[in-house]
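Asks: Chain by chain, the residues run as shown.
Protein chains: 2
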Amino acid sequence: MRTSQLYLNTLKEAPSEAELTSHKLMVRAGLIKKLGSGLYTWMPLGMRVLRKVEEIVRDEMNAAGAQELLMPTIQPAELWQETGRWALFGPQMLKIKDRHERDFCFGPTHEEVITDIARSELRSYKQLPVNMYQVQVKFRDEIRPRFGVMRAREFVMKDAYSFDADFAGLQVSYGKMYTAYSNIFTRLGLKFRAVAADTGAIGGDGSHEFQVLADAGEDILAYAPDSDFAANVELAEALAPTTPRAAPAEAMRDIDTPKQTTCEAVAELMGVGIERTVKLIALVGGEAEEFFVVLLRGDHTLNEVKLAKAVGGEFRFATEEEIRAVFNCPPGFLGPIGLDTDNISVIADRSVAVMSDFVCGANKPKFHIAGVNFGRDLPEPNAVADIRNVVSGDPSPDGKGKLELCRGIEVGHIFQLRTKYSEAMNATYVAEDGQPKFFEMGCYGIGVSRIVAAAIEQNYDERGIIFTQAMAPFALAVVAVGYHRSEAVKTAADQLYADLKAAGVDVLLDDRNERPGSMFADMELIGIPHRITIGDKGLADGLVEYVARAGGEMQKIALADAVSFARKQLA
Amino acid sequence: MRTSQLYLNTLKEAPSEAELTSHKLMVRAGLIKKLGSGLYTWMPLGMRVLRKVEEIVRDEMNAAGAQELLMPTIQPAELWQETGRWALFGPQMLKIKDRHERDFCFGPTHEEVITDIARSELRSYKQLPVNMYQVQVKFRDEIRPRFGVMRAREFVMKDAYSFDADFAGLQVSYGKMYTAYSNIFTRLGLKFRAVAADTGAIGGDGSHEFQVLADAGEDILAYAPDSDFAANVELAEALAPTTPRAAPAEAMRDIDTPKQTTCEAVAELMGVGIERTVKLIALVGGEAEEFFVVLLRGDHTLNEVKLAKAVGGEFRFATEEEIRAVFNCPPGFLGPIGLDTDNISVIADRSVAVMSDFVCGANKPKFHIAGVNFGRDLPEPNAVADIRNVVSGDPSPDGKGKLELCRGIEVGHIFQLRTKYSEAMNATYVAEDGQPKFFEMGCYGIGVSRIVAAAIEQNYDERGIIFTQAMAPFALAVVAVGYHRSEAVKTAADQLYADLKAAGVDVLLDDRNERPGSMFADMELIGIPHRITIGDKGLADGLVEYVARAGGEMQKIALADAVSFARKQLA
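So the protein lines, in turn, are chains A and B.
By the UniProt record's numbering, the letter at position 364 of the first sequence is numbered 364, and the numbering carries on one by one without gaps.
By the UniProt record's numbering, the letter at position 412 of the second sequence is numbered 412, and the numbering carries on one by one without gaps.
Isolated chain A, as found in the complex:
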């Protein structure tokens, strides 16, 4: 396409409400335009990107044996009442009355509709497995839509649903989707991780999130650079240290800490590493309201999900009043020494359990104690468990190298729903033994429009977006400097453009009558990954210039070789 034919409208300034880089850049590049709160038009340039993402998604879904269908966006309330989600979904669901005052919603997701289809269409085990998907606009009435298309109210989603005869079948279907998703994000050229995740509101058993790695992400992930391991930081296991506890070497002694109420401050005062300190957290658990404490290394943080699992139930933080009643000491100076361990359970994190000669609170105001040892100065903990968040440098739970932490943006989510929906909606098939059985279901979502924003969060610089080739609105820009005043430039540019198109290159010829700087800036802002510049000066020597958007030196190449050169760059 020629820029003169393309609807291109870039802006110098981003709207003041845009907080996120991707939001700013998408508006400035003219990919999207706001219609209302959480409502965006995908302008022609953005639409090219969106459709490229869509087509890769379709391609991999089809390759995985899923079949595309299209369900209505408007769904009858009755189906949602069957699963109880009409009430549960809350105000995020856009509820609608039609002209006959019947209740409908603008579908935020389609489990109910697809299960309704399955229970009338899929009658026999012979028809299974089936996986159906759609690429569709969804609506979720976010209370505070923001971040552009990252958290819009109306957005494009790919949602797929699998139906299997049994759990083993579901696992096969789930595995195919896991692979398809990995293929999709790989083909899109994104750095991503599939992480084990909580299932959240959709319900069911196993689940993975696909996270595009980007500093602006809301989720913190732990991953192993040397392996496929990745998990939401809340779920990653902190392995037990392999080195055993050293024998006590120091005598216990009080440390005067008049103002030091944190491990950091105490370690700094003492001139020791914070990993030599232990902090105590006082908690109250269960219906019986039992007071208990946990011990963590000073540089670690409590993982409440893990602790809840370790204690087998819910708990809350103790109030200052409760703490003073037990310790007769204000928070900031608490420690495990002298505790009534017959009545107060002590749970130590795995890292704490192997410590010796450590520093902790003295249970008297303005004092800590150093040289503390389990067995000698206080009893062994009642329990040792993994109750902390992993940190960068922890060994990877899969035994392959060390963990790193990063932020991610969730762009895909796959769930093993099991029989949650089929039971609620009485969706059965006739099994091989002639008996009706509930479908084993999976559901698989991709935020198609969100991918574009996430990709930009991962790849941009001060000049604008850096699209990967698979997602770029055009793979290559030919910038013709002086197209409107130099016959030589015009002839060469038109010919190169025609040759590139004939070679199957997705090329944009910038044939505008603009200053070179402004043309370059536009091509950089909108993120075209490759650029060839044609100008009078180079042409005199039969040369054009090539530069990659992602960086690297500008190269002079022979005009005659430009097509083959470009094809090599794009390969």
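Don't read these hints as lab results, they were simulated from the structure.
Wrong hints could be hidden among the right ones.
One side of the interface only, derived from the structure: several residues of chain A facing chain B at Cβ under 8 Å [as the list claims (entries may be wrong)]: (1) LEU35; (2) PRO44; (3) MET47; (4) PRO76; (5) VAL130; (6) GLU314; (7) PRO379.
Even glycine gets a Cβ: it sits at the ideal position worked out from N, Cα and C.
Use these hints to put chain B onto chain A, whose structure you have.
Replies: Just chain B now, kept in the frame of chain A:
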């Protein structure tokens, strides 16, 4: 694809509520499935058809220089209030309140949104012309949705909007869309006509409907088989007869018509052609309530649109009381003789004006008169005009051959909106002279999902759908008879399937373990245009069978030639 991998679920019986053939066949073939009133899921087989239509639409829109975008389906009420259509659109528009109780609608069309985009994005004449389109789900809350996807509430539409600097530009943009639409329907393989049309609710000046010809159509069209002329029957001009009026040859005489109150009955009684009779229709026009009459040939019908134009205003049919007051005679025996033509205007259709020796009512009960002549027996009419509907055999208004009548289904509509929306929303650009000017707009719709139903209405038989190659879910079916019991059939079928796929043929291999008759019936029902059958008997002689869905003899062809044969059929 293999049938064993395809979600295929055909039905013997159509739902009882389905009135239209296309509705019945689409449900039976498993193309669509009902979710609720006017809400249909496009099942995988139907989705293949829908996406083929979509892609042809996109391809031709892009080729015409239009650019795809995607506007939100949910639109703020404020924009619709600017044009006044929030109130005007009525209950067909699905109105919605979001969680903050703000008013929105599920867009039935997008003139307001695109005009809002234009007024902020298109600032200079240098940016014009622009044509943008989207392929999107729309919702119109039909009071009685029926006919399946033909008149569904939720449907897929392609809507395009053009912005030009002046009317001449609009006409160019309009012409491009006219051509693009013609290309689309031609490529889809449909018999269609572009007809001049009234603009209806969308407003503006020029407009054409694109009608797929089918007996089930709601609209009646007049078209010239020898030319491009086509018009809605209400709008086609009935040319004035070229033969002049013959001189009177008969004397006036009363005809005893005791029970004959229609021209048909009188002509039958007299044994003359009905085209020798004249009927009088009594009307009351304008605010002044003036009584007037029109004369039509007995075999013609009044065209009220034309008459309103001829009299320059509105009119109504006279009541029997008013008729008796003027004629002193009951309806059924009225004629133009003896009328007080100073006070009662007589408008004759062009066909009547050239008649002589005609038959008409006698203005006395139970009598007609024959041998009546203008000038001799009654004054010349006060006016002669084209006030009738054309009939089959009328000369084409473009002078090329004769008209035929047929029924059509509207699948596309293009409008010259002019400045209706740009004025209402104050959408201007800066013209070359530096002055702000309103955009000249056009809008262009295609009922993408309706096309599928219309195509089926045009092409089906007692065995099911007959898809054109461009729209068929698969171009060619290979039916393997005995795939599961004959190694020879399995080997040959798998090889042919692989070879056809390698040759780029959109092929479906029916590898199910079903009776041959049931496999043939399914392939016929779902409308696959070409079929090759492989069975043990033919294979023994190295032969397979080919048959076209649209008809024609079954042909035996060498298995070795099957790929090249198929490619020729598909070319």
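Asks: All hints, please: hold or fail.
Replies: Hint check results:
With its C-beta approaching chain B no nearer than about 5 Å, LEU35(A) sits inside the 8 Å limit, and its interface hint holds. Because the smallest distance between the Cβ of PRO44(A) and any Cβ of chain B comes to about 4 Å, under 8 Å, the interface hint for this residue holds. Interface restraint check for MET47(A): the shortest CB-CB distance to chain B comes to about 5 Å, inside 8 Å, so the restraint holds. Taken as an interface hint, PRO76(A) checks out: its beta carbon lies about 5 Å from the nearest beta carbon of chain B, inside 8 Å.
The closest approach between the C-beta of VAL130(A) and any C-beta of chain B is roughly 6 Å, which is under the 8 Å cut-off, so the hint is satisfied. For GLU314(A), the shortest C-beta to C-beta distance to chain B is roughly 30 Å, which exceeds 8 Å, and the interface hint is violated. The criterion of a C-beta within 8 Å of any C-beta in chain B is not met by PRO379(A), whose closest approach is roughly 55 Å, and the hint is violated.
The structure fails to meet hints 6, 7 from the earlier list, while all remaining hints are met.
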